[in-house]
Amino acid sequence: MKAFILLLMPVVLVVSAADFETRQLENGLTVIVSLDDTSPVVTICIAVKTGATCETPETNGLAHFYEHMFFKGNEALPDQTAYNRRMGELGIIQNGATSTERVWYHITLGSDNFEEGLQFMFDAITSPLFNNVEMERERDVIMNEYDRGLTHPFHNLWLAMEEVIYPDAPWRQSPIGVPEVIQAAAPPAMHAFQEHYYTPDNSALIITGDIGYEEAFRLAERQFEGWEYGGLSNYDSLPGLIRIERDTTVFVDSPSGAGYVSVVYEGPSISTDPGDSYPADVWGSYLSLMSREFYTDLVTNGPFINIYGSYYTQRFSPSITFAGMVPPDRAEEALALLLEEIQQLQSPDYYDEEGILLAKEDLYRHRILAEETSRDVAVESMPFWWVVAGSLDYYVTYQDSLDVVEPEDISEFLETWIVNKPRAAFVLMPLDGEENR
Amino acid sequence: MKNIYLVIAVLLGSLYASVPENVEEFTLSNGIPVITRTIDNNDIEGVSFFIIGGSSALTEETQGLERFSLECAMMGSEDFPGLQWRELMDRTQAEWTSSFNYDYSRYHLRCIREDLPILLAAFGNSLLNPELEEQAFEQVRTSTIQDLQEKYNDPDSWIWFVANDAFMPGHTYRRLPDGTVETVSSFTTEDVSNMLEDRIRSGNLLITHAGPTQPEELRTILEQAFGEIPEGGQEFLQVEPFTVDRDTIAVQHREVPTAYAVVKFNAPPQGHEDLIPFRTAMTVVNDLLWQVLRTDNALTYATFSGATNYRENWGYMYVSSPQPVLACSLMAGVLSGVIDNPVEEDIFRGTIEKSRTLENLRATSKDNQCWMMGNFEICTGDWRNAYTMFDNISELSSADLSAVLDRWVVFGGWGIIADTTVVPIEQLQPWPLK
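In order, the protein sequence lines correspond to chains A and B. Read in order, the letters of the first sequence correspond to residues 1217 to 1653 in this note's numbering. Read in order, the letters of the second sequence correspond to residues 93 to 526 in this note's numbering.
Hints listed in this document are in silico derivations from the structure and should not be mistaken for laboratory results. Don't take every hint at face value.
When the alpha-carbon atoms are kept at most 20 Å apart in a straight line, the in silico EDC-like pairs for lysine to aspartate or glutamate are as follows [what the hints assert, rightly or not]:
id: 1; chain 1: B; residue 1: Lys243; chain 2: A; residue 2: Asp1363
id: 2; chain 1: B; residue 1: Lys243; chain 2: B; residue 2: Glu347
id: 3; chain 1: A; residue 1: Lys1637; chain 2: A; residue 2: Glu1379
id: 4; chain 1: B; residue 1: Lys526; chain 2: B; residue 2: Asp432
id: 5; chain 1: A; residue 1: Lys1637; chain 2: A; residue 2: Asp1625
id: 6; chain 1: A; residue 1: Lys1637; chain 2: A; residue 2: Glu1624
id: 7; chain 1: B; residue 1: Lys243; chain 2: A; residue 2: Asp1545
id: 8; chain 1: B; residue 1: Lys526; chain 2: B; residue 2: Asp498
id: 9; chain 1: B; residue 1: Lys243; chain 2: A; residue 2: Asp1469
In isolation and in its complexed conformation, chain A is listed as follows (with noise of 0.2 Å):
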């Protein structure tokens, strides 16, 4: 057993980004690509610069509307019949999601027919038809998602956050939407979002799998060269969101008997403030440790079913968070004692040196970890770092922008973002019938 006691010194692990090659096209079209061979399929996936965080209160579900068109009629396929049978014959499985901050579309399909799904993805997102009898359809099926989101046990709780925290523009945090604008949208709206930002110079094309580079790219650029560069996205010029100015506490109903405890701040934008993005990553590994007195106070020995501090990596709403389950019942009591573990954590005495090596080294490993198969590489890596970093550079360097970090720079980043700063906290209990508060 004693080698074992020995092994649980921290050592720092050397792991690199996952390898990939980019090139832009000379429409402004960002084209990444990494191999990897482990089994003959290829991931094609589209990211782009918009999300909820374009819309307006009149628009305010129409980027999520615009995703579930992608997948309906285009020039090439006339509507969403033809759509699912060319898939088949592909063997294309796909999906694309709509977030704040993005919105990616992705396909795999075996690596035999890449150029095939090449055009498949050129043609949906260079020509969607916006039929107006598609339209009218897809308006049911989003509505039903949104009902399906009615029922989910934080659905109160992410009103109450989206009020408070970002209380300029709440629908920015909010890809579902309202249903009025659900109900309302028209191909003119799609059209105009499609103007802004479906455009190559606000996009990236990602390509993983059993392909080779040069293949890649020549491909990619016979096919992608004709989408037309826009050069009308306002997104990198949209201002920050999250604004807390006072401290709030909310208790939001929970009328599925769910309990839950979090406690917001403000934190640095990637865009404006990456310096303090690394501090903030080290610090929010630290806080995960279950061997130290965060987890140790308010799980081992206190009300918490689990709990989280850190940081999360936004352009326009960052975010600083520490939240966790609770017992309904001990809700209260876990708020009060999460503030008072917020106030000693603001002290530097509370951090030692092998914790925050042992922090940074987590980092590393949740990287590894993520990027398993080629398709977490072309749909969950790429696509975020991408979009939310404004390029793959802070990607790229990010392990050496970690391995500086010093524990002074910990406390220059709680200063500057915790220390005496404003917060939001939110209770998720049972209010028997009273109003939240």
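Start from chain A and add chain B according to the hints.
Just chain B, lined up with the frame of chain A:
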């Protein structure tokens, strides 16, 4: 949409791939069988530890005890007491995932290669010598009860159990591997110790591995970690077939804005020659549900179908819709339509092509490889079936799929969660599947 394809991916069996060459089998000194597939494309390891038995190892009173006992064991052990256990998990960032189903419990470890020996050693020690410290014990109880309540409160999750009321009353599989709030509330440390002593025996166990560690090195690591597990074990009792003898429906009223519906029906058991054609047919039905319920009629955001992977199986169809009567009626119509009239050949071929892609995609995940080999070894007696049972699928015709559904689909057990003040309960009758 993400979840739907994920579910389909999980439910589809493996297609087309033949038995890979880089798989070896060996047995530890105490008799625990090991199946390992060497995949060295990166440094990530996957190891699955199966405890065979599932529902048949439980009684009404012990529902959930195996899960609860294993979760307690994972809080610390004699050699790795709580704090040290947590330090190890901190250092390695190991991912442990667990599932507890009708036929077996499975713990899966995902980690970096260099961490494999110590993590498996700690796991082995926790199974044989769990710490069972009181505070940690109660922490697991609180967390488990919270999970169970969440599952019950989420209609999308609970609808599957409502359908069980209609489809499998009195069956062994009604004993819930996750337990109930009542049973979990009653467990003691003595119950946990006894359960682990009974169940952690070599005859109940199977280990599968996928990753870069070579077989000989793996054998050494596993021997050190699990070599002291005692021999013996329980008989893996036969599970009785389902006996639903009429169309049935179970309705649960909830104030929900959209209704949830699931129908379950007989399917071939594992190892039966009809299983793969049946599963393929249900994948075709899945594509048709999407076309008819979502594309053509916009009745739903989520609909899908498939067949399970247990020893005794069922086919199922799912939908959530504000119009459950119409949606369920169409869903039943899609299935009976495929039974009566073989689908167009290009639709059938399209389904096969997509399944081929899914299978190739699954091959990139070590977790999937571990699950496939273990599941087929337990449920069919030979892990190779995960790769070979589909070799002849291209020889199937659309008419074969209709025929296999016709042989197996008789009555349906329907479960519905709906707001019965909006959807009149008298309209919620079981919809015949044939």
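Hints versus structure:
no.	hint	result
1	B/Lys243 x A/Asp1363	holds (18 Å)
2	B/Lys243 x B/Glu347	holds (17 Å)
3	A/Lys1637 x A/Glu1379	holds (19 Å)
4	B/Lys526 x B/Asp432	holds (8 Å)
5	A/Lys1637 x A/Asp1625	holds (18 Å)
6	A/Lys1637 x A/Glu1624	holds (19 Å)
7	B/Lys243 x A/Asp1545	holds (19 Å)
8	B/Lys526 x B/Asp498	holds (8 Å)
9	B/Lys243 x A/Asp1469	holds (19 Å)
This entry satisfies every hint, going by the numbered hints stated previously.
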